[in-house]
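Protein chains: 2
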Amino acid sequence: MQKEISRREALKLGALGVGAGVLGASNLMAMPLDAKDVKFDEEYDVVIIGSGFGALAAGITSAERGLKVLLVEKMGRLGGNSVINGGIFAVPNNEAQKKEGIKDSNELFLKDCLKAGLQINHTELLETIANRAKDVFALTVKCGAKYVEKLSHAGGHSVPRTYQTANGSGSGIVLPMIEYIEKNPNVVIKKRTKFDDFVLDNDGKVVGISVREGYKFDSKLKDDDRENKSGERKFFKAKRGVVLASGGFCRDIFFRQLQDPRLGKDVDSTNHPGATAGGLIAALNIGACPVQVSWLQYGPWACPDEVGFGVGSMFNVNGSFRYGISVDPRTGKRYMNELADRKTRADAMFKVIDAKKDIYPINFCDSQCIPSLLSSHFEKPLKAGILKEFKTLDELAAHYKIPADELKKTVEKYNAGVKAGKDEFGKPVETTGGIDISKPPFYAERGVPKLHHTMGGVKINTKAQVISINTKKPIPGLYAAGEVTGGTHGASRLGSVAITDCLTFGMIAGENI
Amino acid sequence: MQKEISRREALKLGALGVGAGVLGASNLMAMPLDAKDVKFDEEYDVVIIGSGFGALAAGITSAERGLKVLLVEKMGRLGGNSVINGGIFAVPNNEAQKKEGIKDSNELFLKDCLKAGLQINHTELLETIANRAKDVFALTVKCGAKYVEKLSHAGGHSVPRTYQTANGSGSGIVLPMIEYIEKNPNVVIKKRTKFDDFVLDNDGKVVGISVREGYKFDSKLKDDDRENKSGERKFFKAKRGVVLASGGFCRDIFFRQLQDPRLGKDVDSTNHPGATAGGLIAALNIGACPVQVSWLQYGPWACPDEVGFGVGSMFNVNGSFRYGISVDPRTGKRYMNELADRKTRADAMFKVIDAKKDIYPINFCDSQCIPSLLSSHFEKPLKAGILKEFKTLDELAAHYKIPADELKKTVEKYNAGVKAGKDEFGKPVETTGGIDISKPPFYAERGVPKLHHTMGGVKINTKAQVISINTKKPIPGLYAAGEVTGGTHGASRLGSVAITDCLTFGMIAGENI
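Protein chains in written order, with the working numbering: chain A, 1 to 513; chain B, 1001 to 1513.
These are calculated hints, taken from the structure and not from any lab test. One or more hints might be untrue.
Quick list of in silico lysine-lysine cross-link-like pairs, DSSO-like style, CA-CA up to 30 Å [stated by the list, open to error]:
| id | chain 1 | residue 1 | chain 2 | residue 2 |
| --- | --- | --- | --- | --- |
| 1 | A | Lys472 | B | Lys1222 |
| 2 | B | Lys1205 | A | Lys205 |
| 3 | B | Lys1333 | A | Lys115 |
| 4 | A | Lys356 | B | Lys1111 |
| 5 | A | Lys205 | B | Lys1222 |
| 6 | B | Lys1463 | A | Lys222 |
| 7 | B | Lys1472 | A | Lys205 |
| 8 | B | Lys1115 | A | Lys115 |
| 9 | B | Lys1115 | A | Lys234 |
| 10 | B | Lys1472 | A | Lys115 |
| 11 | B | Lys1472 | A | Lys222 |
| 12 | A | Lys473 | B | Lys1333 |
| 13 | B | Lys1265 | A | Lys463 |
| 14 | B | Lys1205 | A | Lys472 |
Over the 12 Å line for every Cβ pair with chain A, so calculated as not near, a few chain B residues [as the list claims (entries may be wrong)]:
| id | residue |
| --- | --- |
| 15 | Glu1100 |
| 16 | Ile1102 |
| 17 | Pro1160 |
| 18 | Lys1190 |
| 19 | Ser1219 |
| 20 | Arg1226 |
| 21 | Ser1372 |
| 22 | Leu1382 |
No residue lacks a Cβ here, since even glycine has one placed at the ideal position from N, Cα and C.
Pulled out of the complex, with its shape left as it was, chain A reads as follows (with noise of 0.2 Å):
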């Protein structure tokens, strides 16, 4: 009983908690406040901080069910990463799949993603996500989002199940999710409206959040989280609740560089400049659950040639590694299976890069593949200057510096492999409908891994609630979803699986809420 009473005493005492912590002059970032102390400014049944897949799923479907919703988006335009991702949607069995007659399964969907993640995928999670798929893609297509008709055959997945955006990018998808939103009355949307901490009610209920309005990000900061002071402090009640789709902190150069000292500011991201963690640490600060924060995802795809995820990041997915070769300069020789998983790709191309030599790996493709890309993937790296495009093997060979003659056996002993329908390196050729690499012109550009995942987050439950690490209970009045949670997707995520985790539990969490 000494304990029952002592917390009833501190209660009465008015303890004063992590904020106290963080009290110093120098910061109050994060810093939780009371209810009784906040007069909230709006009120809302629902507030959702972030404005990506899973903010927007969330928003659509609270919203639908009449509550009065909020979102707010720190920058100046909407759709986070999501916006500028690639667009590739993994549905598993889905239509077109029996369509096309592919056999697929929740089982597989697993397998696969398990492997990927090291089996330290949380599987309720994933099970989760595999049941619900179809209802988040038939919410977008209701939204009017158009896919290519046929399916692609993501990285790692044992079969194509993954849906592309007609135009070749996320923003496919969430433009027209913020058309859709904002036709309805019962959603308000604020951009620039930077959340800085949680509003919790006397039993540790989430109530509301405070932001500031008009507030600018700043690019040119070290830390945008806890330097920038621009905008207005308001206080949002959420009668409901609040749900953080915050998305994840690759651009965050003091978190990541805690799970990895590697990474500092010269590692380039494939990420928005506004991916920081705040949101994340707010809800670390109340008592959320840390899952698997140290494990971040290269995407393999990218190029050193150009800032972020670039024009030519999706060449490579679609073109170069699903129907081409990487090979190492030095060597003209291949090195791994251009589809296997991220984390097996990115730890390979580690192996060749050595960038103080400007020393990169060269994908690429041949004519074949170019009519079945989208324009995007395909004209925007090539007017960029990025993806090159070479009459012989020859010319490709002398214009990065490889052994024209090894390179030439390379091509003959990939192309041989794609007709055996068995590839040296495991590579799934049987799936390229026979195009190898014979038609010139040939297409190349140099490639590099860039921070593009990060895995871990808060621990939530299958209804999106967040699980606090004191009661090991949902934190009352809290929801996540997408990047800003942890466990799905193991210690590392399979391509196309993100826009499916997102927008499943930000609707999950729309439905609960």
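The hints should help you fit chain B onto chain A, whose structure is shown.
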């Protein structure tokens, strides 16, 4: 300015902080308290949480500066995991190396640690332990610790640089340190005293702790930290600060499963039953940075035929792995370098193990190495029936159902490698002094990796100060040392570096507090 004003307002309003997040009826564990509302029962200069290597080094060092010191230990005995560990202690550039003519350097030590740690170690922490290892070794000698004269060559180290305690256990260091510290009139030690919460002042400085005296750890509870209500609450002031040296969380089912869901309650650990995450969580609740918490390490030298660390582990470390081999019983073949780093070995062993069919690797050596083993490392497992003696390889093969011909071929091949100084798996056989597997009797033990060390924890700087995730500066008044910290070891700790790490940062905390 907006933000600054609101901070002050928040202060004035008496913000509730994370306490509020956990105020719900079910839990106040690890709730930080406000100093102005606390009546301290006792006052010290320094309060230390834990009683293992880190805690004892901090206690001795601060007490010898004339400070009044309290150590609190939740269990009924002192020493935590330190007192049951293997007593192997890496000291780069040590005196015994000079005598034995072994060349070593800080650079080589860092290289070895970084290789095992998959290059994500926080190198400033590694450099610190490399620089101070000789000082903490001297500290243990001053306290009365005794070491074997000949250095050990621990797995993953390029050269022998590891001292072994004379009694073959960490108790050979811990018990003399306890005896030493107990003589110091400045020191009070309280057993069965469970740390619950930090007490913070208005500036966010850690100024004390709350505990329960007369607490009794209950290993039958699913979650002792949360469910156990025993003991009487007391408040201890720490005028200079608190040192958190509460150890790792290998026995915390909930917290370890967040990081790897496969680690259910049936997965054994070498740790003592009290190795839970309570101390770490309390620190996270006041804003300590979580570092690399997802990386858990298995000790590959444990035995499935006993519970916990047991008596068989040290035979594998010093006998069978060093002077013998490990084989897959189905094939009679080796499958790894028995002196590789722990992660490499554990990964290889898990591929051999089939727990459902009770198949485990067989580790064995011959009689030649026995004279060089400590009697406790040989006689205890033999007496316990875990280690078995065989007159011939045929007898050994028959007992473990290994194909005898294959086993003999394997031994022949290994012996030829020892003679040639070149092993097929890259084992540094040149360091075994020519001992092969040829002189009966043979000694064999079944092997299994058990959960052994949690690499992650709170971020400290080279002064052992805990860094705030919010201010990115030290949390005033809070220091940490040992397994509760993260970063030193990266993804996987090399054997025998734990003692170096724990003692060094304990000593540094004691110097700086």
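Verification of the hints:
1. Between lysine 472 (chain A) and lysine 1222 (chain B) the alpha-carbon distance is near 12 Å, which keeps this suggested pair within the 30 Å criterion.
2. Distance hint between lysine 1205 (chain B) and lysine 205 (chain A) is fulfilled; the C-alpha atoms sit about 26 Å from each other, no more than 30 Å.
3. For the given pair, lysine 1333 (chain B) sits about 27 Å from lysine 115 (chain A) by alpha-carbon distance, which is consistent with the 30 Å threshold.
4. Only pairs whose Cα atoms come within 30 Å are accepted, and lysine 356 (chain A) paired with lysine 1111 (chain B) is accepted, the gap being roughly 20 Å.
5. Distance check on the hinted pair: lysine 205 (chain A) and lysine 1222 (chain B) sit about 26 Å apart at the alpha-carbon level, within 30 Å; holds.
6. Under the criterion of a C-alpha separation no larger than 30 Å, the hint pairing lysine 1463 (chain B) with lysine 222 (chain A) is consistent with the structure, at around 24 Å.
7. Between lysine 1472 (chain B) and lysine 205 (chain A), the direct Cα distance comes to roughly 27 Å. Compliance with the 30 Å bound is thereby established for this hinted pair.
8. Distance restraint check for lysine 1115 (chain B) and lysine 115 (chain A): the Cα-Cα separation of roughly 24 Å lies within the 30 Å cut-off, and the hinted pair is therefore satisfied.
9. This hinted pair does not check out: lysine 1115 (chain B) and lysine 234 (chain A) have alpha carbons roughly 49 Å apart, beyond 30 Å.
10. As the CA atoms of lysine 1472 (chain B) and lysine 115 (chain A) are separated by approximately 36 Å, the hinted pair breaks the 30 Å bound.
11. Of the pairs offered as hints, the one joining lysine 1472 (chain B) and lysine 222 (chain A) holds, with about 12 Å between alpha carbons and a cut-off of 30 Å not exceeded.
12. Only pairs whose Cα atoms come within 30 Å are accepted, and lysine 473 (chain A) paired with lysine 1333 (chain B) is rejected, the gap being roughly 48 Å.
13. As the CA atoms of lysine 1265 (chain B) and lysine 463 (chain A) are separated by approximately 25 Å, the hinted pair is consistent with the 30 Å bound.
14. Only pairs whose Cα atoms come within 30 Å are accepted, and lysine 1205 (chain B) paired with lysine 472 (chain A) is accepted, the gap being roughly 27 Å.
15. Residue-level check passed: glutamate 1100 (chain B) sits 34 Å from the nearest beta carbon of chain A, beyond 12 Å.
16. Its beta-carbon lying about 29 Å from the closest one in chain A, isoleucine 1102 (chain B) satisfies the requirement of being farther than 12 Å from that chain.
17. Against chain A, the non-interface label of proline 1160 (chain B) holds: every CB pair exceeds 12 Å, the least being about 29 Å.
18. Chain A leaves lysine 1190 (chain B) outside its interface by the beta-carbon criterion, the shortest separation being 16 Å against a cut-off of 12 Å.
19. The beta carbon of serine 1219 (chain B) is kept farther than 12 Å from every beta carbon of chain A, the shortest such distance being approximately 18 Å.
20. Distance to chain A contradicts arginine 1226 (chain B) as a non-interface residue, since its nearest Cβ pair spans about 7 Å, not more than 12 Å.
21. Every CB of chain A lies more than 12 Å from the CB of serine 1372 (chain B), the least distance being 38 Å, so the non-interface label holds.
22. At roughly 36 Å, the least C-beta separation between leucine 1382 (chain B) and chain A is larger than 12 Å, which holds for a residue marked as non-interface.
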